[in-house]
Structure formats: structure tokens, C-alpha cells
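Q: Next come the chains, spelled out residue by residue.
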Amino acid sequence: MHELAVAQALVEQVEAVIDQHAASHDQDASSSDAWQASLIRVRIGPLAGVVPELLASAFPLAAAGSRMEHAELEFAHAPIQVRCQTCGAETEAAMNRLICGACGDWHTQVVSGDELLLESVELETSPSLTPES
Amino acid sequence: MCDTCGCNLTPGNKHLAFKPVAKGATAVSVLKGLLAKNDDQAAHNREHFDRRGILAINLMSSPGSGKTALLEATLTTLKNEFTCAVIEGDLETENDAERIRAKGVQAHQIVTGTACHLDAHLVHDALHHMNLDGVDLLVIENVGNLVCPASFDLGQHLNVTLLSVTEGDDKPAKYPVMFRAADAMLLTKTDLLAVLDDFDPDKAEAHLRNLANPAPVMRLSARKELGMDAWYAWLREQLAAQRARVALGQSRRPAIQSDGQKYHSTTVC
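Protein sequence lines correspond, in order, to chains U and D.
Letter by letter, the first sequence follows residues 1493 to 1625 in my numbering.
Letter by letter, the second sequence follows residues -5 to 263 in my numbering.
A couple of the hints might just be wrong.
Claimed, not checked - Not the full set, but computed from the structure, chain U residues with beta-carbon under 8 Å of chain D:
| hint | residue |
| --- | --- |
| 1 | H1513 |
| 2 | L1609 |
| 3 | V1613 |
| 4 | E1616 |
Unchecked claim - Over 12 Å on every C-beta distance to chain D, these chain U residues come out as not near it, computed from the model:
| hint | residue |
| --- | --- |
| 5 | A1540 |
| 6 | E1545 |
| 7 | S1549 |
| 8 | P1552 |
| 9 | A1556 |
| 10 | S1558 |
| 11 | E1561 |
| 12 | G1580 |
| 13 | A1586 |
| 14 | L1590 |
Everything labelled a hint here was simulated from the structure, so no lab data went into it.
Ideal Cβ positions, reconstructed from N, Cα and C, are used throughout, including at glycine.
Just need the whole structure built from these sequences, with the hints factored in.
A: Next comes the structure, spelled out in C-alpha cells:
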């Protein structure tokens, strides 16, 4: 269950993103609490060794009380793609069979499918704290 | 970590970097490795090792496949040739560190409590409890587990993964994330092959190749001292290679990470 550790790392990163964004949008640092995350988009390839479903169930525990506790966690699909070093073809592969789909050689490189990425965060200001404009 | 040059972009995620902003919200594109903090700490550990000319190896396997027995035999042979040190990771007990100390080698035990893997911060804290003066080889014996340790960079230069012949030759197919990360796979307890009729070392190797992993496969028995010379020769080769890299101011990361870096560097730019 290392997904809880991954969820905690995710929360830390999103907190940093919110801080950074708030700092660049508000001169007054004390109002940075007004920003919160509404959507967190991550991309996890099957070869990253992190199970999206388990991360999704660990996330609310890690996010409780933070500025993303109401955020939706969205997973981007990350199919495994390998590039063959022998014939140059790029093909889809299964996670325990990373061989070239065209010529069958095992001298391949994973082009995608091992990502463990925080792709983007959507932020909004909480209505009660938004200054009238 | 790179936020500027776009090297985190892969053919798979490029479109997301330019996704239009949803109405009523502000989208912030991040494209950072989820474990960026761990990876930063790992990079720091690696710099630390390189500065001191230390080769760091992350030893991984399921529980009971003979990591500590391998270390006992290895240290007995190599301790007069190289200065060695060991970090042991277990959920509980100092048993493994005591076994290493009994060989006259410095060992620090990390007791993880319930955590199923070591991470870069735990290793960093351990390093502060150790005397690294003159150390050539640091072996980090990870928590026995074929799943979680594969996802956390510790700052090591090489991953060595053990597979004992009592476990089944299809383990690389069942645990692809772990075995894809191996820079060397050791088939251990081969003295038992004589009494096992269901483990085919060639099949184990074929499953590893199916993961596109060219890592050397060594068959050995630490207890019966079979096939150990090839392992020692590989270690000596790696120690020499690390010295050569340090002299040139270079470093190395475990194989899959440096490969992946060409496509989507998530930690180093």
C-alpha cells in the first residue's frame, strides 16, 4: 500500500502549486487561503507501479483538511507504447510483454506507459472569500 | 526538475499541456513527477555518493529469497578488497544489521514500522548515522517486497533484483515493474534446483527479456558458494566503472530511469 505515500506526495505538490499560483495572483499573501483545487489531473502508466484505484481511495485521507479536500482526482489514460530499436516500429504492448508488436524483438524502449505525473491542477477561489470585482 | 524546457512532454501527454482552460477555473499545467520530492532527495543522495566515490546498490527481492545471505557471503569475500557498508530495511528487528556486523562490516538498520518500502528520505537519514569515510560500496537492502520498492528512487546507481528458485520462474512476468528496473537479476539458491522440478532458469531469463531488459542474469548459491565468482566479477566491474565515472564527474542512474529520461525526464533536466 505505497499508494498512501504517493497520495501524500501528491497533496504536497498540489499545495505548492496553489501557493505558487496564489503568490503570483495576490499581492496580499494572507489571502492565499482563498484558492483551492477543484480538479487534479494525474497520468499514471501501468508500468509506474502505482494503482490508480488505490491512489483514488488513499487520496481523501491524505487530502483531508487541505485546500484540495473537495477536488476531483482525474486519471489520464496512459497506454504502454514501445519503440523497437531493431525495426523502429512504435507499437502498443502489454505490461509484462514489452516486445515489438511488429517484429517481435525484445530490444525495445518504453516511450510511454511508465509515467507518474501530476499533469495539471484546476484552481478556483472559494466564493465566500472572493473579493467583489 | 524541469518546468521550463518542455522535456517532461511525451507524445502521450503533449495535448494536455495545451488544453484550454475550463470555464470558471484556472488551469495550471504542472507536468511534474508525482514523486518529485522523493526524486529530488534521491538526486541529492546520489550526488553525495558520487562526491565520495561510493557505488550504491539497491538490493531488492521478495522476503526470504536470500538477500542477507548473499550479502554475508559477498562481504566475507570482498571486505578486504573494498570498504563496504550496508543499510538494512525491515519492518521490524535489528536482526539483519546484526548479521552484517558479525562479518565486521558497518551496518545501519532502518526499521520502517509498517512501511512497505524504503524511500530517499529514510536513506538520507540513515546516511547521517553512518561513517562513510573511505567507503567504496554501499549496499541498501530494501524491504523484502516485489511491488512497492520498485517505485521509489533512493539515489542508488544500480538495482540488483534477486529471484530464488523456490519462488517460480514466472516472477518477472508477474512483477514486471520490479524486474524491468533490474540492472542485474540474480537467480539464488540454485543448489536447490536439483530437488525442484518446476523452476526453469532459462524461462526466468526469457520472462526478463520480455520486459525488454538486457540485464545480466547470474545463477548462484550463496550458501553453497556456487556461481559466486561471476557475481564478484560483475561487482568489481561496476566498482571500477563508478570510479571511472567519478573521475570524469559523471554519474549513472538505474537503467530504466536513464532510458526513460530521453523521452520524459521527470527529475533531471
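Q: Looking back at the hints listed earlier, which ones does the structure fail to meet?
A: 5, 13, 14
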